[in-house]
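So our numbering is basically just the index in the sequence shown, starting at one, shifted up by 3.
For the record, the hints were derived by calculation from the structure and aren't laboratory data.
None of the values given here were measured: they were computed from a predicted structure.
Take every hint as true, because none was put in to throw you off.
In silico SDA-like pairs for lysine to any residue, Cα to Cα no more than 20 angstroms straight-line:
| # | residue 1 | residue 2 |
| --- | --- | --- |
| 1 | K76 | A165 |
| 2 | K88 | D268 |
| 3 | K76 | E36 |
| 4 | K289 | I54 |
| 5 | K346 | E335 |
| 6 | K220 | K231 |
| 7 | K225 | D255 |
| 8 | K346 | L246 |
| 9 | K289 | G122 |
| 10 | K225 | R275 |
| 11 | K220 | V272 |
| 12 | K146 | N31 |
| 13 | K289 | G313 |
| 14 | K225 | G263 |
| 15 | K342 | E243 |
| 16 | K88 | I227 |
| 17 | K76 | L172 |
| 18 | K146 | I118 |
| 19 | K342 | M242 |
| 20 | K220 | L189 |
| 21 | K76 | F170 |
| 22 | K346 | F312 |
| 23 | K277 | Q241 |
| 24 | K231 | L253 |
Ranges between beta-carbon positions, derived for each pair:
| # | residue 1 | residue 2 | range |
| --- | --- | --- | --- |
| 25 | G211 | K346 | 42 to 50 angstroms |
| 26 | K231 | E127 | 35 to 43 angstroms |
| 27 | Q241 | I104 | 40 to 48 angstroms |
| 28 | R239 | Q311 | 18 to 26 angstroms |
| 29 | L253 | N32 | 46 to 54 angstroms |
| 30 | G75 | A258 | 47 to 55 angstroms |
| 31 | I104 | E243 | 44 to 52 angstroms |
| 32 | V106 | E224 | 36 to 44 angstroms |
| 33 | W228 | Q199 | 33 to 41 angstroms |
| 34 | K289 | N32 | 41 to 49 angstroms |
C-beta atoms are modelled at their ideal positions from N, C-alpha and C, and glycine is treated no differently.
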Amino acid sequence: MMSPTGLIAWMKSSLSWMRKKGSRVWMNNDQIEAFGDLVSRADRILIISHIRPDGDAVGSTLGLGLILEELGKEISLVLEDGVPKVFNHLTGSDRIIREAIGVFDLVIVVDCSDIERIGSVLDEFGEPDVNIDHHPTNTHFAKLNLVRDDAVATAEIIFDLAQELAFPLNLPIAEALLTGLLTDSLGFRTSNSNPQTLRIAAELMEIGANLPFLYRKAMLEKSIWAVKYWGQGLSRIQMEDRLVWTSLTLEDRIAANYPGRDDADLINVLARIKETDISIVFVEQKNGSVKVSWRSRPGFDVSSIATQFGGGGHMPAAGADIKGDLDRVQQEVLEATRKSLQKSE
4 MMSPTGLIAW
14 MKSSLSWMRK
24 KGSRVWMNND
34 QIEAFGDLVS
44 RADRILIISH
54 IRPDGDAVGS
64 TLGLGLILEE
74 LGKEISLVLE
84 DGVPKVFNHL
94 TGSDRIIREA
104 IGVFDLVIVV
114 DCSDIERIGS
124 VLDEFGEPDV
134 NIDHHPTNTH
144 FAKLNLVRDD
154 AVATAEIIFD
164 LAQELAFPLN
174 LPIAEALLTG
184 LLTDSLGFRT
194 SNSNPQTLRI
204 AAELMEIGAN
214 LPFLYRKAML
224 EKSIWAVKYW
234 GQGLSRIQME
244 DRLVWTSLTL
254 EDRIAANYPG
264 RDDADLINVL
274 ARIKETDISI
284 VFVEQKNGSV
294 KVSWRSRPGF
304 DVSSIATQFG
314 GGGHMPAAGA
324 DIKGDLDRVQ
334 QEVLEATRKS
344 LQKSE
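Construct the entire structure; sequences and hints are all you get.
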């Protein structure tokens, strides 16, 4: 294993070379070099992401972890809610655990806009060392914040960091990062998808990542239980002007035998309705709260609505966990969304 001093010199040399070659530079030199220094000096590294993890949370956690392991680091990958079954095909996903055990030299949070979204994992560790994220609503909660809100996914930032610092990439890493890109861009269909996003995807494919396979596993395949769960929500769908919404109750989850706590991606089904500008799904939770997901067409910023309720996200896609019963939360959220729509007219 390379010594810390040697690794620092190697990364700084690589960083200088990359900039001379005209690579995309999106954070100042000090931030990137600070991250490289932190990594080089650490032996045991903890990487965590948000509760109810999506493809970018899983892909970024796993991708970065495998990169750092290639550098000789001892890694611990933690998602409090575990890995959704839809991502079990990713190499190394079985190494992601639900609880952080041990002492760590470096704590990195990925794809998390707010420290409250991490859950209880950080309770005994305090302020994290590094925050890598792409959400415009990120609260910059770490000692070093590598936040770039023009990236389509946190996986894109991790890829760029790997390129800037000449970190190694292999097939399992490429598959994890491409999964993050695919899921957060809805298969490169979101408005922030751009030529650079596709160039990165192409580079990951050149390493060997199978895009059609990863797309099918992460975005197309649904269990019969998820589809039955959709049926519960679709049966009560409502529309008002350009606003569409529905709800999923705890009883719906039991009736469909659906094991998750999310909407089984129902929000992206509603978002396909052509007569709508904003779509919302309300999902009742066991802890007396409601998980709310928004989607919008270009020109409508749902992240500004989500932040009113302690949530966050992006202009076209946002979410929040709101304390209260389903009826009250639905009423308050719909009122705020209607006001936002009126301002946009």
